[in-house]
Amino acid sequence: MPSEGDTALLQLDGVQVAYGAIEAVKGVDLMLFEGEMVCLIGANGAGKTTTLNAIAGTLPLAGGTIRYRGEDLARLPAHKRLKLGIALVPEGRGIFTRLTVEENLRMGAYIRKDADGVAADLARVFDMLPRIRERLHQVAGTLSGGEQQMLAIGRALLSRPRLLLLDEPSMGLAPLIVEKIFEVVQSVREEGVSILLVEQNANLALEFAQRGYVMESGRITLAGSGRELLENPAVRAAYLGESD
Amino acid sequence: METLLQQILNGLVVGSVYALVALGYTMVYGILGLINFAHGEVLMIGALSALTTITALMGVAPELPPLMLLGAGLLVAIPTCMTVAFLMERLAYRRLRGAPRLAPLITAIGVSFLLQTVAMIVWGRNYHTFPQLISTTPIQPIEGVFISPVQISIIVVSALLMFALVTLVNRTRLGRAMRATAENHRVAALMGVDVNRIIALTFVLGAALAAVAGVMFASNYGIAHYAMGFMPGLKAFTAAVLGGIGNLAGAMLGGIVLGLVEAVGAGYIEDFTFGFLNSSYQDIFAFVILGAVLIFRPTGLLGERVSDRA
Ligand SMILES: Nc1ncnc2c1ncn2[C@@H]1O[C@H](COP(=O)(O)OP(=O)(O)OP(=O)(O)O)[C@@H](O)[C@H]1O
Ligand SMILES: [Mg+2]
Numbered sequence: 103m104p105s106e107g108d109t110a111l112l113q114l115d116g117v118q119v120a121y122g123a124i125e126a127v128k129g130v131d132l133m134l135f136e137g138e139m140v141c142l143i144g145a146n147g148a149g150k151t152t153t154l155n156a157i158a159g160t161l162p163l164a165g166g167t168i169r170y171r172g173e174d175l176a177r178l179p180a181h182k183r184l185k186l187g188i189a190l191v192p193e194g195r196g197i198f199t200r201l202t203v204e205e206n207l208r209m210g211a212y213i214r215k216d217a218d219g220v221a222a223d224l225a226r227v228f229d230m231l232p233r234i235r236e237r238l239h240q241v242a243g244t245l246s247g248g249e250q251q252m253l254a255i256g257r258a259l260l261s262r263p264r265l266l267l268l269d270e271p272s273m274g275l276a277p278l279i280v281e282k283i284f285e286v287v288q289s290v291r292e293e294g295v296s297i298l299l300v301e302q303n304a305n306l307a308l309e310f311a312q313r314g315y316v317m318e319s320g321r322i323t324l325a326g327s328g329r330e331l332l333e334n335p336a337v338r339a340a341y342l343g344e345s346d
Numbered sequence: 020m021e022t023l024l025q026q027i028l029n030g031l032v033v034g035s036v037y038a039l040v041a042l043g044y045t046m047v048y049g050i051l052g053l054i055n056f057a058h059g060e061v062l063m064i065g066a067l068s069a070l071t072t073i074t075a076l077m078g079v080a081p082e083l084p085p086l087m088l089l090g091a092g093l094l095v096a097i098p099t100c101m102t103v104a105f106l107m108e109r110l111a112y113r114r115l116r117g118a119p120r121l122a123p124l125i126t127a128i129g130v131s132f133l134l135q136t137v138a139m140i141v142w143g144r145n146y147h148t149f150p151q152l153i154s155t156t157p158i159q160p161i162e163g164v165f166i167s168p169v170q171i172s173i174i175v176v177s178a179l180l181m182f183a184l185v186t187l188v189n190r191t192r193l194g195r196a197m198r199a200t201a202e203n204h205r206v207a208a209l210m211g212v213d214v215n216r217i218i219a220l221t222f223v224l225g226a227a228l229a230a231v232a233g234v235m236f237a238s239n240y241g242i243a244h245y246a247m248g249f250m251p252g253l254k255a256f257t258a259a260v261l262g263g264i265g266n267l268a269g270a271m272l273g274g275i276v277l278g279l280v281e282a283v284g285a286g287y288i289e290d291f292t293f294g295f296l297n298s299s300y301q302d303i304f305a306f307v308i309l310g311a312v313l314i315f316r317p318t319g320l321l322g323e324r325v326s327d328r329a
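So the sequences go chain by chain: A and B. When we follow the working numbering, the leftmost residue of the first sequence carries the number 103, and every step to the right adds one. When we follow the working numbering, the leftmost residue of the second sequence carries the number 20, and every step to the right adds one.
Treat the hints with care, as some may be off.
Claimed, not checked - Cβ pair distances, simulated, as ranges:
| id | chain 1 | residue 1 | chain 2 | residue 2 | range |
| --- | --- | --- | --- | --- | --- |
| 1 | A | 185 | B | 320 | 38 to 48 Å |
| 2 | B | 250 | A | 199 | 30 to 40 Å |
| 3 | A | 123 | B | 191 | 54 to 64 Å |
| 4 | A | 199 | B | 191 | 16 to 26 Å |
| 5 | B | 133 | A | 204 | 35 to 45 Å |
| 6 | A | 185 | B | 191 | 16 to 26 Å |
| 7 | B | 109 | A | 204 | 32 to 42 Å |
| 8 | A | 329 | B | 125 | 56 to 66 Å |
| 9 | B | 79 | A | 238 | 53 to 63 Å |
| 10 | A | 185 | B | 106 | 44 to 54 Å |
| 11 | B | 191 | A | 219 | 30 to 40 Å |
| 12 | B | 246 | A | 236 | 51 to 61 Å |
| 13 | B | 191 | A | 336 | 48 to 58 Å |
| 14 | B | 133 | A | 319 | 45 to 55 Å |
As the list claims (entries may be wrong) - Away from chain B, derived, C-beta distances all over 12 Å, residues of chain A:
| id | residue |
| --- | --- |
| 15 | 125 |
| 16 | 129 |
| 17 | 212 |
| 18 | 233 |
| 19 | 238 |
| 20 | 247 |
| 21 | 261 |
| 22 | 286 |
| 23 | 333 |
| 24 | 340 |
Since the hints were made in silico from the structure, they are not lab data. Because the structure is a prediction, the values reported are computed rather than measured. Glycine included, every Cβ here is placed at the ideal spot set by N, Cα and C.
One chain only, chain B, in its complex shape:
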């Protein structure tokens, strides 16, 4: 029983990160019908730019409290990622609007490689230790169940950000314009909406969430690396498809469900396979789910068809 509870808790932590990143995929898909495969790299740039900031600050002002260091890291990571996303939309995707579907998809993969390569040049090929500024020492809220302060922070911060985003999209004038644009660019323009601006903003908002996700991800595992965005990016994409791509609630649900399946599955994978696979194979779940959703329920749990547009 404690093991299951523990796995659920672990799943919630990872799932929250997937959910944040999945929101970026789903918002861009909702407004452009584009799967921005480079979105995972934005997470990586968030983590590494925060790392650089924190390391530099620790060098000049080692007496700064850890939370302030982390805050400074975020303060640099968020605008950096927003700028990267803004540029990728402006320079790559905008000119491909209305092009055959394959073109933006291939471009997205290209942008992804480009960002990874630039990151490799800037930050090198090595794994970096990411300073764990929030304690990773677990506490035991229930006998036999462990959770660390950094994990608690991840769940809380993710929940707050998701709440803020959903409020923005559903309750504000800007959010209304985003939803109207997602439904019909031409008519939104007829209402006086600057559609290009709304699309840019969608990319930038998704990037801000990915930046935070990147910093939390790196804080949790204590590692950052130029290729670290690939796996969570793919998982978050899976989560978005699982929830129903284009649908905000779906992305969040998909993220959490995927996190839970992975964590619980990892706990039992040895039993299931009679010891043939162990918990280091937990990534398998995401891809089994992705395949199964695309075959059996391409609309995902809550959303529209993906195969028509992607």
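Chain A on its own, in the form it takes in the complex:
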């Protein structure tokens, strides 16, 4: 468990994000330590995706700071954040549907110059996601939803991230596929990649994650270990489909 003195891998302080006049994120504090898997849960429209996009750099901040390994990210555009090791698997997967599966994977390795390392990582991704290898030369738009999600994760891994941001990887997928995806996420984590996971499927997310945050209309309303949150009656009532 992280102690107070450590520098966090990722630290959000009073982060605010707005879409024009609409304030979507209204002051979020959040921390993630190296090697941790932390989840962020909350109802539709709570601001989870907005928060992840702000971390990845595709949305500007209206206030607050985001620090990564102690460095303020404010002036860093998204493409440079990836070079620091922050990769986002976006909501809806963000597959390049007109590119082939292989080209999608190569886009994941776009910033890398070490061809040998990329080849080795590709091989690891194929081991983890055998379905992807079979479809290498297919146009990615023809993949099923589950395959696209696998591809999106594999593609993000090819940048060798240190921090992986996952936005609802289970969205719209059958339970069996969700299970497989969580197996993959688990093995990524075992390789030492830190993970910030956004999920609607709170039960699953809290079971996997060490710690969790609950977000409601742009603010963090609860934080704790996965177990604490799973046992919290308010969380159970709101996100785990139980009434007390």
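Using the hints, position chain B with the ligands against chain A.
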């Protein structure tokens, strides 16, 4: 039969130029959803900057071989056009990304006027004779069919450039990044792509092709003028829409088809209209085609819908 063959040959020559220019329209549209109406002016700047270079060189070193003069003209025209395109993206279009569609469209028309006016100030209002450094004396490969060395060069150079561009876009890391950016700017940025750089590069590549097209166009007709970009620009735009805007193969196909229709049509327009119109009305074909495509097949021959985005 010889007449038809001759017209097809003429059509291929003009069509190659349209195709080169159409590629610039379609690449920019593919990546930004913007119709860069100023693209035709880039062709004009290519021709006139080459003209200035060649004239100056002829003054100081008249003994230089013609091909070297032409090469020098291109060597100046290409970077000049690339710079112009780079600046127009950087100064005008970049700040309009995400603005309502009409704004960049009107801006493009404004940029087009601006470039024409600047060219008029720099090069004057007059028609200039463009030195025909590659021979325009026709040879007869087949009895009754004529083609000049400059026309052969146009077809060959265009084909090579198109091949190079298609290879770049489909086979290289850079091309992959261009295609990824065209599909989704945000996700491309998440892959580490500097989207602004890729967009600038798209403009600059299109401009390089337009520069070459401008020099070839002027070499073929022996004339250059500050307003010479307008018509081929409009034709190339038509070609891009005809092929399916946003689609590289479509732009090339559209260019060639339009060139052929114009050339063959020009040969028969008098017969069709019982002498009412003659071949100087051949420009009509481009606009009839543009109208017909937009009404009956807005996706063009190979591409996506244009009306949704333009
Ligand atoms: N592009 C946008 N323009 C305007 N408002 C937006 C935009 N994207 C999101 N919002 C608003 O911002 C708020 C937060 O949205 P966000 O997508 O971050 O929520 P979320 O927690 O990810 O929800 P979900 O679980 O549905 O994915 C919502 O009220 C949403 O309507
Ligand atoms: Mg979301």
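Results for each hint:
As the Cβ distance of residue 185 of chain A to residue 320 of chain B is approximately 41 Å, the hint placing it in 38 to 48 Å holds. Taking 30 to 40 Å as the suggested C-beta distance range, the pair residue 250 of chain B and residue 199 of chain A conforms, at roughly 37 Å. Judged by the Cβ atoms, the range 54 to 64 Å given for residue 123 of chain A and residue 191 of chain B is violated: they are separated by roughly 43 Å. Separation of residue 199 of chain A from residue 191 of chain B is about 21 Å and conforms to the stated range, judged on CB atoms against 16 to 26 Å.
At roughly 44 Å, the beta-carbon separation of residue 133 of chain B and residue 204 of chain A lies within the given 35 to 45 Å, and the hint holds. For residue 185 of chain A and residue 191 of chain B, the Cβ-Cβ distance of about 21 Å falls inside the hinted range of 16 to 26 Å, so the restraint holds. Taking the beta carbon of each, residue 109 of chain B and residue 204 of chain A are about 34 Å apart, inside 32 to 42 Å as hinted. The hinted window of 56 to 66 Å between residue 329 of chain A and residue 125 of chain B holds, with their beta carbons roughly 60 Å apart.
Distance hint check: the CB atoms of residue 79 of chain B and residue 238 of chain A are about 58 Å apart, consistent with the given range 53 to 63 Å. Between residue 185 of chain A and residue 106 of chain B the Cβ separation comes to about 28 Å, which falls outside the hinted range of 44 to 54 Å. Taking 30 to 40 Å as the suggested C-beta distance range, the pair residue 191 of chain B and residue 219 of chain A does not conform, at roughly 20 Å. Taken as a hint, the range 51 to 61 Å holds for the pair residue 246 of chain B and residue 236 of chain A, whose Cβ atoms sit roughly 57 Å apart.
Between residue 191 of chain B and residue 336 of chain A, the C-beta spacing of about 54 Å keeps the proposed range 48 to 58 Å intact. In this structure the hint that residue 133 of chain B and residue 319 of chain A lie 45 to 55 Å apart at CB holds, the actual value being about 48 Å. The claim that residue 125 of chain A lies off the interface holds: its Cβ sits roughly 20 Å from the closest Cβ of chain B, which is beyond the 12 Å cut-off. Interface exclusion of residue 129 of chain A from chain B stands, the closest Cβ pair being 24 Å apart, more than 12 Å.
Listed as outside the interface, residue 212 of chain A is inconsistent with that label: its C-beta sits roughly 5 Å from the nearest C-beta of chain B, within the 12 Å cut-off. Residue placement check: residue 233 of chain A keeps its beta carbon more than 12 Å from all beta carbons of chain B (closest about 21 Å). No Cβ of chain B comes within 12 Å of the Cβ of residue 238 of chain A; the nearest lies about 15 Å off, and the non-interface call holds. Interface exclusion of residue 247 of chain A from chain B stands, the closest Cβ pair being 17 Å apart, more than 12 Å.
For residue 261 of chain A, the non-interface assignment is contradicted: its Cβ lies about 7 Å from the closest Cβ of chain B, within the 12 Å cut-off. Non-interface status of residue 286 of chain A relative to chain B is upheld: no Cβ of that chain comes within 12 Å, the nearest being about 19 Å off. A cut-off of 12 Å between C-beta atoms confirms that residue 333 of chain A is not in contact with chain B; the least separation is 36 Å. Distance to chain B confirms residue 340 of chain A as a non-interface residue, since its nearest Cβ pair spans about 31 Å, more than 12 Å.
Hint compliance for this structure: hints 3, 10, 11, 17, 21 are not met, and every other hint is.
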